[in-house]
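Colleague: Listed here are the chains, written in short residue letters.
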Amino acid sequence: MPFPKRTPLAWLNLVHDRLRFIISLGGVAFAVLLMFVFTGFMNALYDSQIQLLKQLNGEIIIINRLKSNMVLPASFARRRLYQALAFEGVEAAYALYTSDANWKNPETKRTRPVRILAFNLADPVLPLPDVEANLKRLQLPNTALIDTQARAEVGPTTAGIVTELADREIRIVGTFTLGTDFASGNGNLIMSDQNFLRYFADRGPEEDTRSFATVDVGLLKVSPNVDIDALVATLSDRLPQDVSILPKEGPAGFVQRERTYWQENTNIGFVFSLLTLMGFGVGVILVYQILYTDVADHWAEYATLKAMGYSNQFLLGIVLQEALILSALGFLPGFCISNLLYALAGGATGLTFQMTIARVGMLYATTFIMCLISGAIAVRKVQTADPADVFGG
Amino acid sequence: MYLEGEGDAMTKPGNRFFAPENPLSNSLAPIKDELAVQIQHLNFAFGKGDLCKQVLFDISLNLPKGQIVILTGPSGSGKTTLISLIGALRTVREGSLRVMGQELADMRNADRVRVRQSIGFIFQSHNLFESLTARQNVEMAVELLGRFKSKRDQAEVILTQLGLADRMDHKPQALSGGQKQRVAIARALVNHPPLILADEPTAALDKQTSREVVTLMQTLTREQNCTVLMVTHDNRILDVADRIINLVDGQLESDTNPDAFINSHTYKNSKHDDAKMFIM
Ligand SMILES: Nc1ncnc2c1ncn2[C@@H]1O[C@H](COP(=O)(O)OP(=O)(O)O)[C@@H](O)[C@H]1O
Ligand SMILES: [Mg+2]
Numbered sequence: 001m002p003f004p005k006r007t008p009l010a011w012l013n014l015v016h017d018r019l020r021f022i023i024s025l026g027g028v029a030f031a032v033l034l035m036f037v038f039t040g041f042m043n044a045l046y047d048s049q050i051q052l053l054k055q056l057n058g059e060i061i062i063i064n065r066l067k068s069n070m071v072l073p074a075s076f077a078r079r080r081l082y083q084a085l086a087f088e089g090v091e092a093a094y095a096l097y098t099s100d101a102n103w104k105n106p107e108t109k110r111t112r113p114v115r116i117l118a119f120n121l122a123d124p125v126l127p128l129p130d131v132e133a134n135l136k137r138l139q140l141p142n143t144a145l146i147d148t149q150a151r152a153e154v155g156p157t158t159a160g161i162v163t164e165l166a167d168r169e170i171r172i173v174g175t176f177t178l179g180t181d182f183a184s185g186n187g188n189l190i191m192s193d194q195n196f197l198r199y200f201a202d203r204g205p206e207e208d209t210r211s212f213a214t215v216d217v218g219l220l221k222v223s224p225n226v227d228i229d230a231l232v233a234t235l236s237d238r239l240p241q242d243v244s245i246l247p248k249e250g251p252a253g254f255v256q257r258e259r260t261y262w263q264e265n266t267n268i269g270f271v272f273s274l275l276t277l278m279g280f281g282v283g284v285i286l287v288y289q290i291l292y293t294d295v296a297d298h299w300a301e302y303a304t305l306k307a308m309g310y311s312n313q314f315l316l317g318i319v320l321q322e323a324l325i326l327s328a329l330g331f332l333p334g335f336c337i338s339n340l341l342y343a344l345a346g347g348a349t350g351l352t353f354q355m356t357i358a359r360v361g362m363l364y365a366t367t368f369i370m371c372l373i374s375g376a377i378a379v380r381k382v383q384t385a386d387p388a389d390v391f392g393g
Numbered sequence: 394m395y396l397e398g399e400g401d402a403m404t405k406p407g408n409r410f411f412a413p414e415n416p417l418s419n420s421l422a423p424i425k426d427e428l429a430v431q432i433q434h435l436n437f438a439f440g441k442g443d444l445c446k447q448v449l450f451d452i453s454l455n456l457p458k459g460q461i462v463i464l465t466g467p468s469g470s471g472k473t474t475l476i477s478l479i480g481a482l483r484t485v486r487e488g489s490l491r492v493m494g495q496e497l498a499d500m501r502n503a504d505r506v507r508v509r510q511s512i513g514f515i516f517q518s519h520n521l522f523e524s525l526t527a528r529q530n531v532e533m534a535v536e537l538l539g540r541f542k543s544k545r546d547q548a549e550v551i552l553t554q555l556g557l558a559d560r561m562d563h564k565p566q567a568l569s570g571g572q573k574q575r576v577a578i579a580r581a582l583v584n585h586p587p588l589i590l591a592d593e594p595t596a597a598l599d600k601q602t603s604r605e606v607v608t609l610m611q612t613l614t615r616e617q618n619c620t621v622l623m624v625t626h627d628n629r630i631l632d633v634a635d636r637i638i639n640l641v642d643g644q645l646e647s648d649t650n651p652d653a654f655i656n657s658h659t660y661k662n663s664k665h666d667d668a669k670m671f672i673m
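Protein chains in written order, with our numbering: chain Z, 1 to 393; chain L, 394 to 673.
Just chain Z, with the same shape it has in the complex:
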């Protein structure tokens, strides 16, 4: 016989009415779902801004001093890359060229802006497996790879498509998977720097002409065991002041800077935090209703427990236990459905919906606090249960 324990009153009270219990869990799951969806969109909008940046193959980034974010089209002299190469610890310097261009949807024939990412095919600028597998094909003139995560407006994203880019014929010779961001328009294309020149060296009087003389993002590969921050400081000091030199990673890095830019310069955070808070509020009200109903329905029983000599704390414990059980068991289905929704939303928007452990943990903590708040309100009700009321029915 197992060691006899305390009667699990909180659990038994909750599950006594099966239907009500399931509806209760549904309510908690719904609140969890709302919070997951809203924080999911918020994070996806932010995460999407940095997914390209995170893929770039370099420990140190050089950009035009004025390029405060990736949407701003500011390039810098390629000379700076060669200057940087001269420094001790810099092993390689790569150039990434970017440009917006109109893409004609091969099915609807309507044109949409897309972003072109171009680099010397000999440089491992974007070491995605799909990109590396297609390097040979990209050497052919007027070819590109297309992002399978591009928006639906772009049309089908498969190899073999022939359509127009910047009023020139283009042939899609392969695909890769990245996703859209605020700077990418409806999607990303990857091509060789040679092809980039074919499309953008001479685009008529109204458009900027592009050449290899200017670079949009410069990447520096650093030798192993080099102090990156120290190298960044040296480069910043010694290179002309028309460029910014940043480490790629870290709190002051290029990737985080882009994220912070969008956090500080859009209402995304505010709007979605507000919506998440609403989900939280809905949860608090739902769970409070559930706990309150339990307390109200068992009023005489709880008062009897008090008359028997159970303390207020014991009853508070019961209500809080109920809150915690609801938070744990309601979180699970909410989490599972949210996973499904993230996949669907990611497919529909081209944004990256990431379910990281930290975020799941964070939302569980939020759910827990949500139930705790509801529990704390409901508990005040139990405290007022006067044991003397049980007498005289």
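If you're looking for bench data, these hints aren't it; they were derived computationally from the structure.
Honestly, I wouldn't trust all of these hints.
[What the hints assert, rightly or not] Below, simulated DMTMM-like cross-link-like pairs (lysine to aspartate or glutamate); rule was C-alpha separation at most 25 Å, straight line:
#1 K54/Z <-> D216/Z
#2 K381/Z <-> D504/L
#3 K54/Z <-> D229/Z
#4 K104/Z <-> D130/Z
#5 K441/L <-> D642/L
#6 K5/Z <-> E523/L
#7 K5/Z <-> E536/L
#8 K5/Z <-> D559/L
#9 K5/Z <-> E549/L
#10 K221/Z <-> D208/Z
#11 K564/L <-> D130/Z
#12 K381/Z <-> E523/L
#13 K5/Z <-> D546/L
#14 K564/L <-> E605/L
#15 K441/L <-> E427/L
#16 K564/L <-> D17/Z
#17 K446/L <-> E487/L
#18 K67/Z <-> D237/Z
#19 K221/Z <-> D242/Z
#20 K5/Z <-> D562/L
[Stated by the list, open to error] Covered, in the sense of this in silico footprint (three residues per stretch, anywhere, with C-beta under 8 Å from a C-beta of chain L), are these stretches of chain Z:
#21 10-19
#22 300-307
Fair warning: this is a prediction, and the values are worked out from it, not measured in the lab.
Where a beta carbon is used, it is the ideal one built from N, C-alpha and C, also for glycine.
Put chain L with the ligands on the given structure of chain Z with help from the hints.
Modeller: Okay, now just chain L with the ligands, sitting in the frame of chain Z:
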């Protein structure tokens, strides 16, 4: 005059304990420890100021250990109030009230919670948790004293004594009214409390079931030498008592044995051939 806690002596009819006329003399009595409940000049009022309504007036009353006492009286006379004061469910502010030797007047809330643990309460409604089986409902009382290892056995013993051996794993929903009240009694008795307080425990039961339940209560409390104070309007069960106290308008009106009580009340209302009149 006091019975020295002899259970069998208590059952002898006619051998009664009465509160002394002068309660002060009682407080000097050396056998004070033999009192389960000792009340002196207890006043109680609900509300404050203009809304203040006095319900109990100068009650002095002693209940020796082992006695079964029935408290009766008209509705609204203050019986429930008195019993909830004795049960440490309300705060005593005027007068003295000792339960098992402990003064309840102005007692701290935490201490009152502890006093309640030595009292078995039985209410008009059973107040059992629908979500717990009969056994679990009883075990909740044992757990209060931290006896987790013996709780199962204790619950089984008391439920068996109350004739519920084959009903232990049923939830209240599956029990009859009498069975539910017997579970509630088991819950009150399982810890062998020295004092049982019951407020109209048979009010929701039919005649035959009332009789059964009260007889069981009587047998078990006698076995445990437990003091019982029971409020009832039910004249059919008066004979289980050693003593009957009548409360009218918040004052002790009479304090006698059942025979005398019935006689006096039927005498006053001679056109009735039984003792029914004192119900109201
Ligand atoms: N919680 C309360 N607040 C105010 N007055 C009360 C309360 N409980 C009872 N009373 C009043 O106290 C008097 C005695 O009530 P009670 O002790 O319940 O009588 P009994 O149990 O003898 O019927 C009644 O007049 C009743 O209205
Ligand atoms: Mg009453």
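Colleague: Determine for every hint whether it applies to the structure shown.
Modeller: Results for each hint:
As the CA atoms of K54/Z and D216/Z are separated by approximately 16 Å, the hinted pair is consistent with the 25 Å bound. At most 25 Å may separate the alpha-carbon atoms for a hinted pair to count; K381/Z and D504/L meet this at roughly 22 Å. For the given pair, K54/Z sits about 18 Å from D229/Z by alpha-carbon distance, which is consistent with the 25 Å threshold. At most 25 Å may separate the alpha-carbon atoms for a hinted pair to count; K104/Z and D130/Z meet this at roughly 23 Å.
Our distance criterion of 25 Å between C-alpha atoms is met by K441/L and D642/L, whose separation comes to about 19 Å. The straight-line distance between the Cα atoms of K5/Z and E523/L is roughly 20 Å, inside the 25 Å bound, and the hint therefore holds. At most 25 Å may separate the alpha-carbon atoms for a hinted pair to count; K5/Z and E536/L meet this at roughly 9 Å. Our distance criterion of 25 Å between C-alpha atoms is met by K5/Z and D559/L, whose separation comes to about 23 Å.
Proposed proximity of K5/Z and E549/L is supported: the alpha carbons are some 16 Å apart, at most 25 Å. For the hint linking K221/Z to D208/Z, the alpha-carbon distance of about 29 Å lies beyond 25 Å, and the restraint is violated. In summary, the hint linking K564/L to D130/Z is not supported, as the alpha carbons are separated by about 64 Å, beyond the 25 Å threshold. With a CA separation close to 20 Å, the supplied pair K381/Z and E523/L stays within the 25 Å bound.
Taken as a hint, the K5/Z and D546/L pair is honoured in the structure, with Cα atoms around 13 Å apart against an allowance of 25 Å. This hinted pair checks out: K564/L and E605/L have alpha carbons roughly 21 Å apart, not beyond 25 Å. Proximity of K441/L to E427/L is assessed by CA-CA distance (about 36 Å); at most 25 Å being required, the pair is judged violated. Our distance criterion of 25 Å between C-alpha atoms is met by K564/L and D17/Z, whose separation comes to about 13 Å.
Between the alpha carbons of K446/L and E487/L the distance comes to roughly 14 Å, so the proposed pair stays at or under 25 Å and holds. For the hint pairing K67/Z with D237/Z, the CA-to-CA distance comes to about 19 Å; that is within 25 Å, so the pair holds. Straight-line distance between C-alpha atoms of K221/Z and D242/Z comes to about 21 Å, which keeps the hinted pair within the 25 Å bound. A distance of roughly 17 Å separates the Cα atoms of K5/Z and D562/L; the hinted pair therefore holds under the 25 Å criterion.
Evaluation of the coverage hint for the stretch 10-19 of chain Z: fulfilled, as 4 residues show C-beta separations to chain L shorter than 8 Å, against a requirement of three. Judged by the Cβ-Cβ criterion of 8 Å, the stretch 300-307 of chain Z is covered by chain L as claimed, because 7 of its residues qualify and three suffice.
Checked against the numbered hints listed earlier, the structure breaks hints 10, 11, 15; every other hint is satisfied.
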